[in-house]
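*Asks:* So the sequence lines, in the order shown, correspond to chains A and B. Each residue of the first sequence is one higher than the last, beginning at 1 in the numbering used here. Each residue of the second sequence is one higher than the last, beginning at 1001 in the numbering used here.
Read the hints as simulated data drawn from the structure, not as lab findings. Mixed in with the good hints there might be a few duds.
[As the list claims (entries may be wrong)] Restraint ranges, calculated between C-beta atoms of paired labels, are given here:
#: 1; chain 1: A; residue 1: Val137; chain 2: B; residue 2: Ala1238; range: 15 to 23 Å
#: 2; chain 1: B; residue 1: Thr1160; chain 2: A; residue 2: Leu311; range: 37 to 45 Å
#: 3; chain 1: B; residue 1: Asn1059; chain 2: A; residue 2: Val47; range: 30 to 38 Å
#: 4; chain 1: B; residue 1: Asn1226; chain 2: A; residue 2: Leu273; range: 47 to 55 Å
#: 5; chain 1: B; residue 1: Ala1238; chain 2: A; residue 2: Trp21; range: 50 to 58 Å
#: 6; chain 1: B; residue 1: Asn1141; chain 2: A; residue 2: Glu163; range: 18 to 26 Å
#: 7; chain 1: B; residue 1: Ala1238; chain 2: A; residue 2: Leu126; range: 27 to 35 Å
#: 8; chain 1: A; residue 1: Thr153; chain 2: B; residue 2: Ala1245; range: 19 to 27 Å
#: 9; chain 1: A; residue 1: Ile310; chain 2: B; residue 2: Thr1191; range: 52 to 60 Å
#: 10; chain 1: A; residue 1: Ile55; chain 2: B; residue 2: Lys1065; range: 21 to 29 Å
#: 11; chain 1: B; residue 1: Lys1273; chain 2: A; residue 2: Ile313; range: 52 to 60 Å
#: 12; chain 1: A; residue 1: Ile310; chain 2: B; residue 2: Arg1369; range: 37 to 45 Å
#: 13; chain 1: B; residue 1: Ala1363; chain 2: A; residue 2: Leu311; range: 27 to 35 Å
#: 14; chain 1: B; residue 1: Ser1338; chain 2: A; residue 2: Ile313; range: 56 to 64 Å
Every residue gets a Cβ at the ideal spot worked out from N, C-alpha and C, and that includes glycine.
The primary structure of each chain is shown beneath.
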Amino acid sequence: MITTSPPVALPRRFVRRGADWFLRIREASIILVTIGLVIYFQASTPVFLTEGNLITISHYVAPVAIIAAGQVLLLVSGEIDLSVGHVYALAPYLMHFAIDYYGVPVLPAIAIAIAVGACIGLVNGLITVVLRVPSFVTTLGMLFLISGITLMTSHAYPTPIPEKARSVASWLGAAPWAEITWALIIVAVFQILLSGTRWGLHTVAVGGNQHGASEAGVRVNRVKIGNFMIVSSLGALTGILESFYVNSIEPLAGGANIMFAAVAAAVIGGTALAGGSGTIVGALFGAIVLGVLKDGFNLIGINADRFDLILGIAILAAMVLNVYLARLRTGGRT
Amino acid sequence: MRRHIDARVEEAVDTLALNPVARRRLLSGAGLASAGLAATALLTACGNEQQAGTAGAGNFPVTPKWRFVFVCHVTAHPFFTPTQYGIADACALLNCDYQWTGSKDAVVGEMVGATNAAVSAKADGIALAVTDARAFTGPVNAALDAGIPVVSYNADGEPTNPGTNRLAYIGQPLYNSGRSLAQQLLSIGFTGGDVVCFIATPGSLNIQPRSDGARDVLKESGVAHNFEQIATGTDLPAELNAIEAYLQGHPNAKALLAVDGGSTDALGKTVAKLKLKDKGVLAGGFDLQPGTLESVKGGSLDYTIDQQPYLQGFLPVFMLYLYKLSGGLVSPCDTNTSLSFVTKSNVDQFANVKTRFEGSDTAQKIVPRSGGIPHK
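Please work from the sequences and hints to get the whole structure.
*Replies:* Okay, structure coming up:
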């Protein structure tokens, strides 16, 4: 079943058991893909594992990983949020409006921006579960609506970070490692939420078998709405972190690009699009794979036009490998 | 001597993955002659006594294959096709390598990522379209700290604030070009009414200053008017839709301006489609995309402004190369890639010839011209 041939020096059974154990971890395949990519890029360019470049990679990875953490929860409960990338663009403007126009202190202003994000999630959730509009359609509508609000209120102009917010800038993404630290904490917290709490259990139950869960007493609607709110709040937080990192608030930031990247990271990391199973740590590695690919291609010097082609092939190859390894993992035991 | 150079150029050309015909033409010298002329022009413009070698790169010592990274805000936009040809041609001449990267749709975060990656990768030089006056300050300083020369091209922060410590800007001074756009409008007989200014991405510093310049000139002129700015988007189909929708809803507009290549292209097509010229509407814009030239020729656009995108790729490579070669002694210099009007009277010289310099042809060839050179 397992294809690794153990070195002669070690006892065969021990190695086989070790490999067995590793492959039983749900994230094993994506971790192998990540390691493979890192080895490849380090072999092609010696600067890959330098501190400066790791910081660059961390900025590719962090926003995708944070949004993916929420998106995984939502996907596991059987829904999807397409509007999160536009909440990302709106949130820093809300912070800027609150601070510069209404004199709100910095931290409450950020809290307001994230709370508005949560409210958008609430509306997404209510429309989806109460009015029974499929979440794909609900959030597609919300995508345009939020984008319109952002463009109108900002007059589609970029804006500097509010002066008063400079004091907290380095905590919120301006310091080199700040953003990835946020991402790792959020991934850890939400992985525990998913795999170690009742909320997580209910989320999986709702996505796996909605009627069964409902009959077993799980409040299906509440779980779904809660997860919509989590995604949107995380989208808002990410937008704010990124605006501090870029040092400017941009009307075209985020958008569908970051949303698709987060969904891709979740799916590459082993979350089922149809719901019922998923892992946030896997999505983190999915985000790392995407970030390593993007950064690595820039390091090697691949031109923009060819970039998407190769990225697409790489994602497909990573996915095929992932599915193949997943089959190895569960082979004979399902 | 000549044999020797050709071999080196040939090596560089091999990296370009050209088709055999283009490759042969490139090597046969058509591109070398014209590019060499531009190189000489550059050196003279910089006030440098140094002469370019008599045979292309042949006079320069053997250099490592330096790699220059171009970070662009709309990597797939047709405006930058000639820019990329300019980069490729200059790199072929100088035996350098380049990377064309950035964002497909003006996402500043992606451009910052690409710039930082270029610094990590120890690129030999960076050319950057500074479309945000704050986001690139840090990355450019990091590049300079790492000993990587940085120039800006096509966009250079705000009119009064370049936003980075780049060594030089190669492109059109944007605010002034916007002023010219409106001055030309006044000179062709605008006497007042609604003025609409179409802009792909408002606030983007590669185009917003033009709109501001046009607005200011009209304000200063004292002509009674109503200036409105309309966002169109970054891809042509969306721009067409946005402009057509607006013009159908606002049939009273008297003057239509566009401040980016895509919007100008779309504006010309829409003016023709809605037959707005019959109502005496005046229209003008920027750049020489093939669709725009057809519109000028057909009369639906009164004028368009050329800013020589080819040079915006070609010259940065030469400047970065010379900086590296001279150990920083020959420093990049601000270069205005010119501002000239293309109208019905002179459009033929642009529209009838398909060339690499306007992005309408991939082939290398000598473009013939005859007759006097227009002057004041």
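*Asks:* Which of the numbered hints are not met once you compare them with the structure shown?
*Replies:* Violated: hints 11, 14.
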